[in-house]
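Peer 1: Using the sequences and the hints, build the whole thing.
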Amino acid sequence: MHKPLSQYLDLANPQNLQAYQSTGGYEGFTNALKMQPQEVQQQVSDAKLKGRGGAGFMTGMKWSFVPMGEDAPKNKYLVCNADEMEPGTFKDRWLMEGAPHLLIEGMMIAAYAIGADVAYIFLRGEYRLCATRLQQAIDEAQAAGLLGDNINGSQYSLKLHLHTSAGRYICGEETALINALEGKRANPRAKPPFPQVVGLFGRPTIVNNCETLCNLPGILKNGADWYTQISDGADTGSKIFGISGRVKNAGLWELPMGTSARHILELAGGMQDGLTLRGWLPGGASTDFLLAEHLDTPMEYDAIAKVGSRMGTGVIIALDDQHCPVGMILNLLQFFAQESCGWCTPCRDGLPWAVEILTRIEAGQGSQDDLDVLQQLCGFMWIGKTFCALAPGAVEPLRSGMKYFADDFQQHIDHKGCPHRH
Amino acid sequence: MSSVIPIQQVDLVGQPIVNYRDVLSGKEIAAIEHECSLYESRPAAAIDALQIVQSERRWISDESLYAIADMLGMSATELEGVATFYNLIYRHPVGEHVIHLCNSISCWLHDYQTITEHLSKTLNIEFGQTTKDGKITLLPNVCLGCCDKAPALMLDGELVENLDIKSIDSLLQGLRGGKNA
Chain A
1 MHKPLSQYLD LANPQNLQAY QSTGGYEGFT NALKMQPQEV QQQVSDAKLK GRGGAGFMTG
61 MKWSFVPMGE DAPKNKYLVC NADEMEPGTF KDRWLMEGAP HLLIEGMMIA AYAIGADVAY
121 IFLRGEYRLC ATRLQQAIDE AQAAGLLGDN INGSQYSLKL HLHTSAGRYI CGEETALINA
181 LEGKRANPRA KPPFPQVVGL FGRPTIVNNC ETLCNLPGIL KNGADWYTQI SDGADTGSKI
241 FGISGRVKNA GLWELPMGTS ARHILELAGG MQDGLTLRGW LPGGASTDFL LAEHLDTPME
301 YDAIAKVGSR MGTGVIIALD DQHCPVGMIL NLLQFFAQES CGWCTPCRDG LPWAVEILTR
361 IEAGQGSQDD LDVLQQLCGF MWIGKTFCAL APGAVEPLRS GMKYFADDFQ QHIDHKGCPH
421 RH
Chain B
1 MSSVIPIQQV DLVGQPIVNY RDVLSGKEIA AIEHECSLYE SRPAAAIDAL QIVQSERRWI
61 SDESLYAIAD MLGMSATELE GVATFYNLIY RHPVGEHVIH LCNSISCWLH DYQTITEHLS
121 KTLNIEFGQT TKDGKITLLP NVCLGCCDKA PALMLDGELV ENLDIKSIDS LLQGLRGGKN
181 A
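As given, the protein sequences belong to chains A and B, one line each in that order. Per the numbering used here, the first sequence starts with residue 1, numbered consecutively. Per the numbering used here, the second sequence starts with residue 1, numbered consecutively.
Don't read these hints as lab results, they were simulated from the structure. Be careful, since some hints might not be right.
Just so you have them, the derived chain B footprint on chain A, three or more residues with Cβ under 8 Å [unchecked claim]: (1) 160 to 172; (2) 210 to 216; (3) 238 to 245; (4) 332 to 343; (5) 374 to 384.
Note that this is a predicted model, so its numbers are computed, not measured. Even glycine gets a Cβ: it sits at the ideal position worked out from N, Cα and C.
Peer 2: What follows is the structure, encoded as structure tokens:
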């Protein structure tokens, strides 16, 4: 199959500009420059590219809300969301470490398509190797005239800067990210206005996930038709899928959209010897648990939603039968409670409350009432009750875990202890 | 904390007035000015500035905070809100080496508890503390993005993967012996 992303990948020794160009790199951007920005947008819409950060929104449609033409504001921004902090997710790091020029080219295409004159990579602080390699790639592109004024003799100019964040999960939310880029606390902003119109420094801004942007060079180089044929499922193109947990060989693979989770688990060599799969999170900590019976579901946005979860980042976390589901849910909720920005009450107070109850249950001191309160909290922190998607994301593994692992919760209460410890 | 620069003047709301040139080094000022040039406003460089100063001085003291606020033309109170919001900005002194141990789900599924207890026992400190000799600070960290090589930690910004008791012992021995200093 075509691997438009990982074909450029070399983790030990990533391609420099020359090597990347000699294998077809920057051809997509060269093609884009010969087109009108709206034509580039159209091609990406035709490719039906969906955002790879978790929400799966159509990239072309997202771009279409940006004011274009003579009357549009002079400063527009493109931001790459490389603040990969979703627990269990490590795909963007892989791409940035292994193919830095692929991201730079993708950003140049996106920036041109929306008429942005400045672009930022918003990189999480822990990704030091990514920072070094990306900065090298930016410097090379700059020196070669691919960034800067009048690129390739055209009228188009673009500056690209690397911003290294200082660690906070909420920065992955696009309006919080914009606040962080303005040097503020990363509290989310009210929408509307949407960032496409009023974003960074009040100007039209597009925030796209790192993997989403890495798909653009292939689309612009080979065309939308080529891209849509990579997968024969409902979603187009390829995706970086992966799995971690107690599997034999945790890792990442570029596969067609719609590949089943079973296939991904097989690529990982299955569960470690002596262990059985009890459940799995399809794409990070903020997605609902699914069970072994769901393994044949295609990893597509709608198909995964149909069985009650979200594809999220597409990097699976596997729960085995030797680990306690209650303990796992407690660990997930501790993460969300810590990373809540504290802006809205349901999230700020609800998440620590859930952690407190789960800690009690896990320690064998929970009561039947605790289960009812946990259920209620799932409602209090659901979509529409909170300012952003952080708390609803935390609710997903909690509510599905309570459904699928109800017996485990009950055993903790009935036997006053964790059955997995003794 | 003892002040490097005595603070003599306060503004109308009682905030100390610090001239950043008295506190920050030429190297720090140049690096922060460069970051300022990348954004539409100076306060936008706040997080970069905090990281620049921290990389020189290990942590952000009150003096550093006031100086950065002065340099960026923002209130120190607002900058304090920013500094305390982000996990990788230290508002307390840290040791020569800082260990960030990943405590998220994939590491939890790979003996996180054993690793934590061993680190804590060997160093004789809990999360958030520094060893008595001032060498090592132990902090938790959310998912480090190396779930395929769990459990993992970050030592002075470098990833250390596939941890076990043995590899932790040799890591700590290296730090204590000053080999990795």
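Peer 1: Are the hints correct? Go through all of them and say.
Peer 2: Against the structure, the hints come out as follows:
Coverage of the stretch 160 to 172 of chain A by chain B holds. Counting CB-CB distances below 8 Å, 8 residues qualify, and the rule asks for three or more. Counting residues of the stretch 210 to 216 of chain A whose beta-carbon sits less than 8 Å from any beta-carbon of chain B gives 0, not enough to reach three: the coverage restraint is violated. Counting residues of the stretch 238 to 245 of chain A whose C-beta lies closer than 8 Å to any C-beta of chain B gives 3; at least three are required, and the coverage claim holds. Judged by the Cβ-Cβ criterion of 8 Å, the stretch 332 to 343 of chain A is covered by chain B as claimed, because 6 of its residues qualify and three suffice.
Residues of the stretch 374 to 384 of chain A lying with their CB closer than 8 Å to a CB of chain B number 0, which falls below the three-residue condition for coverage.
Of the numbered hints listed earlier, those contradicted by the structure are 2 and 5.
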